[in-house]
Amino acid sequence: MNKMTNSRVKTFFSWALKLSLVGIVVLAILLAYLDAKVRDKFEGKRWALPAKVFARPLELYPGLALKPKYLIQELEQIGYHRVPSVVTPGQYSFDGQEMDIFRRYVTLYDGDEISARIHIRFSGGAIDGLWLDGQPVPLARLEPLLIGGIYPKHNEDRQLIQLSDAPSLLLKTLVAVEDRDFYDHFGISIKGIARALVVNVQRGGLVQGGSTLTQQLVKNFFLTRERTLVRKATEALMALLVEFHYSKEDILEAYLNEVYLGQSGRRAIHGFGLASQFYFGKHISRLTPPEIATLVGMVKGPSVYNPKRKPENAMARRNVVLGVMNEQGLISDYELAVWEKRELDVVQYSQYQRIEYPAFLDLVRRQLRSDYADSDLTSEGLRIYTSLDPIVQRSAEDAMSKRLAALESGYRMPQDSLQGAMVIAGTESGEVEAVVGDRNPRFFGFNRALDANRSIGSLAKPAVYLTALRQPEFNLITPLDDSEIKIAGANGNIWQPQNYDKESHGVVPLYQAMATSLNQATARLGLLVGLKNVVQTFYDLGVDKDVPEYPSIVLGAFEMNPFDVAQMYQTIAASGFKTPLKAIRGVTTADGQLLSRYGYDVKQTIKTEPIYLLQKIMQRVVQEGTARYLNSQFDEGLNLAGKTGTSDSQRDSWFAGFSGDKLAVVWVGRDDNESMPLTGASGALRVWAQTFKDLPLKPLFPLPTENIVEEWVNVAENAISSEECEGAVQLPFIEGRLPLHTQSCVVEQATDKPWWSRLFN
Amino acid sequence: MKFVVVVLVAFLSACSFQPYQSMDHMQQSSESLALLPNWYHERLGLQLNGGNEYPEQQALATLLQQADLEFIRGNFQACQILLERAQRISTREPSVYVRLSYLFWLNDNVDSAEQMARRALALVVRDEQATEEVKRLLYTIQANRY
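Just so you know, the protein sequences line up as chains A and B, in that order. According to this note's numbering, the stretch in the first sequence is residues 1 to 761, in order. According to this note's numbering, the stretch in the second sequence is residues 1 to 146, in order.
For the record, the hints were derived by calculation from the structure and aren't laboratory data. Check the hints yourself; a few may be wrong.
Stretches of chain A that chain B covers, calculated by requiring three or more beta carbons in the stretch to come under 8 Å of a beta carbon on chain B [claimed, not checked]:
(1) 56-63
(2) 662-669
Pairs of lysine to any residue residues, derived as SDA-like cross-links and limited to a Cα-Cα distance of at most 25 Å, are as follows [stated by the list, open to error]:
(3) A/LYS698 with B/ARG126
(4) A/LYS52 with B/GLU132
(5) A/LYS603 with B/GLU132
Built from N, CA and C at the ideal position, the CB exists for glycine as well.
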């Protein structure tokens, strides 16, 4: 019996020993694995820093057309505070005519601008005088608006700080609230767990956690939020390893940068550095004790205690933290009493409380893709300086959402059935100033400005007329036949375009056919000049997709997106000089080293003379053609030019128009591609007009060359005439391409002479 | 004696407000500048000869002056950035494009130099003398003489 017992005991110990050995080996392997993981994270790059994307810096100079309200709008957006009298950077004052701005230090890709007082005098909607620190200056720049980031997978955003940046009160408060034994334990705290247990039992709920700061850091860095014993054990092991390898200061600094402190849209706010900017608009070193209490209080539940969304919860939690600070002797009883009553004082606007521009950011990201890997953009903290003009962008967004709603209501269309997109660019620079990809401008999703490929309708016509004007046989008054036309396609189908009014207009001069957007005349002209040549003109204008050589392309029966249309019209607006549309000016590293620059580039692809004539026709489109609505909305002296476009069955409403300095292309339509009761003139044109109604525009003066001559002609006769002849009008022609005939006319005596003149004659 | 000369040259170099540039580069610049048409110097060009005109608009003139200064210092990238700022203020200022043309030309980017000159040519149409001079600049670039 004893022998049996002994044998069993031996077997048991033998197995226990074997199992223990296996356990030790497994534990050793696990520890080695966890150790490698911990060291890899801590000694490698700990955080992916998203690229920061900036708008253009506003360049101020005497003569700049800028209404004070727009400057104030921009200052508020970049986090400046209005005060009666400026004393520190980040403030501005305005008395109705003069403005003082205390500019912060500005870092740009082409150099820095020091902090200085800028004084501006306005007159008539423009800057009349400019002073920097009391001295008159010709120009001054403001800091650019931070318009978004290019985030890694979980949209984590943070602003890295060093431990020395954080006020000691913050560190002491954090330790007092989250982990009082932080400086004494080795990663896990039995005392802390016991204390938390007692407190929780006493207060009848989960008031205090037992995790140390190190455990919290490990959980955030490496583990999921699941509540299992295995996860807890792994967390404890890793916390021990972290403590074994790194100093308390290292751990605390990592914690300060890692902790999650709320959400702003899709962006996750991580770390105290970004949180102090986001919630209080200030650097972490300048936080006040109640602000510190608010932020430390948020660690427990960033959503529940969010001071912007749940101010009551946040205030209650802040006061609990203030109580702890008082208990620990960090603040006095008097301070506690005063600060408990204080408001939260979170900022409404700050650079870090930004409005994002998804459609524009999408364009930036796509344009950077050729030079940068996605991982560089989401992890290296690059600074990307763009050409976005927040004033123009805001106006475009407002116009799009308000006009679409008005159109739906005016035409009794279902609410939210319309969608729209817009691209605005500088005509000469090719810099993209605004992009709208959805009627909800904050929507991160399908970007219609870049991806909605739709039939362009009559927006194609300028290419047809330009093709004609490039050929020696055509001039502005060349008679075109606007009678019915039938064209047999290769598959036997008959293509029979009709005019919008279903009428034929007989013989019309070339310029009028385009100004009134006649389909029949344009179809005939397209065939006359040759489809191959029309396609070549599209390419010369900057269209870089295949344009099929079908007759219907002359009426825009092929698809383009608003951005590509803007590229095509930029070449027209810039007198035949194609400049690739670009959204980026420069990229620097996180510490300001210039990595790449995207400078001005241009290529003349069309001769200036035919483009000059085309611009003249496009001005007529606005003066007397399909876009004449603009004439009632804008000063005639702006000489705006443009073209409306309506696709088959009114599925797409387009307008492309330009002034001397800005080009905008607007598309309005439905995502389900159903028809609408809208044309280019009644839809997109209205959005265009509302966008620019209040913005300063420079007048358009087409550039004549020495080969352009102004001649009096009789349009009906297609003949050269003279000023005195009845019906004579003066029009521009390319030298050598004048009408072949000359009209002779008898100059009648003027009958409108004064009565005394007639009497003496 | 040799030591004194070396020290003197070093001292004078240190006193110069312009950053150090290699003689080759300075020589190349001055030779190229000398070959530029008179009109370029007188009406649009770099302010090397004194008494030349900048546009009346102060902001534009300041940026052009700064661009010229950077050009003389050999900081071509800074020069180009300033010219692009000038272009945003006055998109149709021909002297901006002439300067850009020259800048590209010195950087052996003949295609861009030609395109900038063409852009300038389209903008000076009302000024006969300017047109002639920009044409000459264009022909010179096309001939790639320098």
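Structure-based check of each hint:
{"no.": "1", "hint": "56-63", "verdict": "holds (count 4)"}
{"no.": "2", "hint": "662-669", "verdict": "violated (count 0)"}
{"no.": "3", "hint": "A/LYS698 with B/ARG126", "verdict": "20 Å, holds"}
{"no.": "4", "hint": "A/LYS52 with B/GLU132", "verdict": "47 Å, violated"}
{"no.": "5", "hint": "A/LYS603 with B/GLU132", "verdict": "21 Å, holds"}
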